[in-house]
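Novice: Quick note, the sequences are listed as chains A and B, same order.
To convert, note that position 236 of the first sequence is 236 in my numbering; the numbers rise steadily by one, no gaps.
To convert, note that position 78 of the second sequence is 1078 in my numbering; the numbers rise steadily by one, no gaps.
Please note that the accuracy of each hint is not assured.
Derived pair list, reagent style DSSO-like, types lysine-lysine, alpha-carbon separation capped at 27 Å [claimed, not checked]:
1. A/LYS224 / B/LYS1049
2. A/LYS131 / B/LYS1120
3. B/LYS1044 / A/LYS128
4. B/LYS1120 / A/LYS128
5. A/LYS131 / B/LYS1105
6. B/LYS1077 / A/LYS128
7. A/LYS131 / B/LYS1043
8. B/LYS1077 / A/LYS131
9. B/LYS1043 / A/LYS205
10. B/LYS1077 / B/LYS1049
Hints in this document: simulated from the structure, not taken from any laboratory.
Note that the structure is predicted; figures quoted are calculated from it, not measured.
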Amino acid sequence: MDHLNLSKFCIRLGDHCLIMAHRQSELCSNGPFLEEDIAQINLGLDLLGQAEALLIYAAKLEGNTRTADDLAYRRSERQFHNFMLTEQPNTDFAFVIVRQYFMSLYLLKTYQVLAEVDDDTLSGIALKALKELSYHERHLSMWILRLGDGTDESQQRIQTAVNELWMFVGELYEEDALDLLAQQASYAPKGEEMKSFLMAQITAKFAEASLTIPDSIYMTTGSKQGIHTEYLGFLLTEMQYLQRAYPDAKW
Amino acid sequence: MERGFVKQLRHMQKNTQQNKQMSETKDTEDTQGKLWEVFIQSKKGLPFKHFGSVHAFDKEMAVQNARDLYTRRGEGKGMWVVPADAIVAVDPANDACFFEPADDKVYRHPTFYELPDGIKNM
Chain A
1 MDHLNLSKFC IRLGDHCLIM AHRQSELCSN GPFLEEDIAQ INLGLDLLGQ
51 AEALLIYAAK LEGNTRTADD LAYRRSERQF HNFMLTEQPN TDFAFVIVRQ
101 YFMSLYLLKT YQVLAEVDDD TLSGIALKAL KELSYHERHL SMWILRLGDG
151 TDESQQRIQT AVNELWMFVG ELYEEDALDL LAQQASYAPK GEEMKSFLMA
201 QITAKFAEAS LTIPDSIYMT TGSKQGIHTE YLGFLLTEMQ YLQRAYPDAK
251 W
Chain B
1001 MERGFVKQLR HMQKNTQQNK QMSETKDTED TQGKLWEVFI QSKKGLPFKH
1051 FGSVHAFDKE MAVQNARDLY TRRGEGKGMW VVPADAIVAV DPANDACFFE
1101 PADDKVYRHP TFYELPDGIK NM
């Protein structure tokens, strides 16, 4: 992969992390109880760290025409390439858990492959992130079990979240030209491999948690071309407010 | 169908109810779950020290919450989490006999030994 494509590859991955980090930051002081509030923010902090490292590297690969901050705060909706799943709102605690659980599996697999690449910066980022993600997966899958196998209400709420979010999972193993380039260079798993990993993990966990995978076969597509659900615009409005209102503001 | 977690929760609720009956003064149950005490070992070989407490509904959640609160900045190498109601405490106000230093009995205090220079953490 040449520098420009590798930079695009890093921006995609960085965008997933950045947008999720912002969603997690919205939970600050709104968690169900103090300890879980802190736990959720910690997940967000880890993701923000990964986003920063990836966007800094992407900016460098581009030739330093933009900084990581420019990438995060000066791009508009259509220029973001995060999965639609990552921008879905914190409708209730079950939605947060399901969204983050699916993404934690995706990131685990992604970083496992990246940890092996012949690029010290990327493999370094991936190795550090793997430790964080294995904890994310552990914490989130505990909640999948707890809510799925808890009371009638918790079961119904998390099943609703699964049903509502399921159509966004298809993007996680979809492939476009850049993905194929990354796969050729062994920077990313094949779409089929990602899909079978996700399905195996989710099927096993859902069986344990008395949850069912929806029958629907419709899957959204488009984030790789910068197409998003209506939620991303509102998220960016808030996330980018300061840099938009006071360009180059620093403290 | 009653599966693992539900069973565990039921069991905990039962235990908590029994504990409540046993000691009315110590109420550790609220909507945030049970209270757990966290002990951290800062270095291998050193004793575990009390660090604070966390709320959680079971053991797995207790260690995870303790990790999020207390060990994210390299504070320790080891961690114990103990249900607060499993700790038997002595009330210093009412049980002076546990704590009287017996200052008049010098032979009880090992002050006549000299510690070799190499010994740390004593």
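Novice: Work down the list of hints and note, for each, if the structure agrees.
Specialist: Okay, the hints, checked on the actual structure:
1. A hinted pair counts as satisfied when its Cα atoms are at most 27 Å apart, and A/LYS224 with B/LYS1049 does not qualify at roughly 51 Å.
2. Taking the CA atoms of A/LYS131 and B/LYS1120, the gap is near 33 Å; set against the 27 Å cutoff, the hint is violated.
3. Between B/LYS1044 and A/LYS128 the CA atoms are separated by roughly 23 Å; this keeps the pair inside 27 Å, and the hint holds.
4. Taking the CA atoms of B/LYS1120 and A/LYS128, the gap is about 34 Å. The hint is violated against a cut of 27 Å.
5. Straight-line distance between C-alpha atoms of A/LYS131 and B/LYS1105 comes to about 55 Å, which puts the hinted pair past the 27 Å bound.
6. Under the criterion of a C-alpha separation no larger than 27 Å, the hint pairing B/LYS1077 with A/LYS128 is consistent with the structure, at around 18 Å.
7. Distance hint between A/LYS131 and B/LYS1043 is fulfilled; the C-alpha atoms sit about 21 Å from each other, no more than 27 Å.
8. For a cut-off of 27 Å, the pair hint linking B/LYS1077 to A/LYS131 stands: about 16 Å separates their Cα positions.
9. Restraint check: the Cα-Cα separation between B/LYS1043 and A/LYS205 comes to about 36 Å, which exceeds 27 Å; the hinted pair is violated.
10. This hinted pair checks out: B/LYS1077 and B/LYS1049 have alpha carbons roughly 12 Å apart, not beyond 27 Å.
Checked against the numbered hints above, the structure violates hints 1, 2, 4, 5, 9; every other hint is satisfied.
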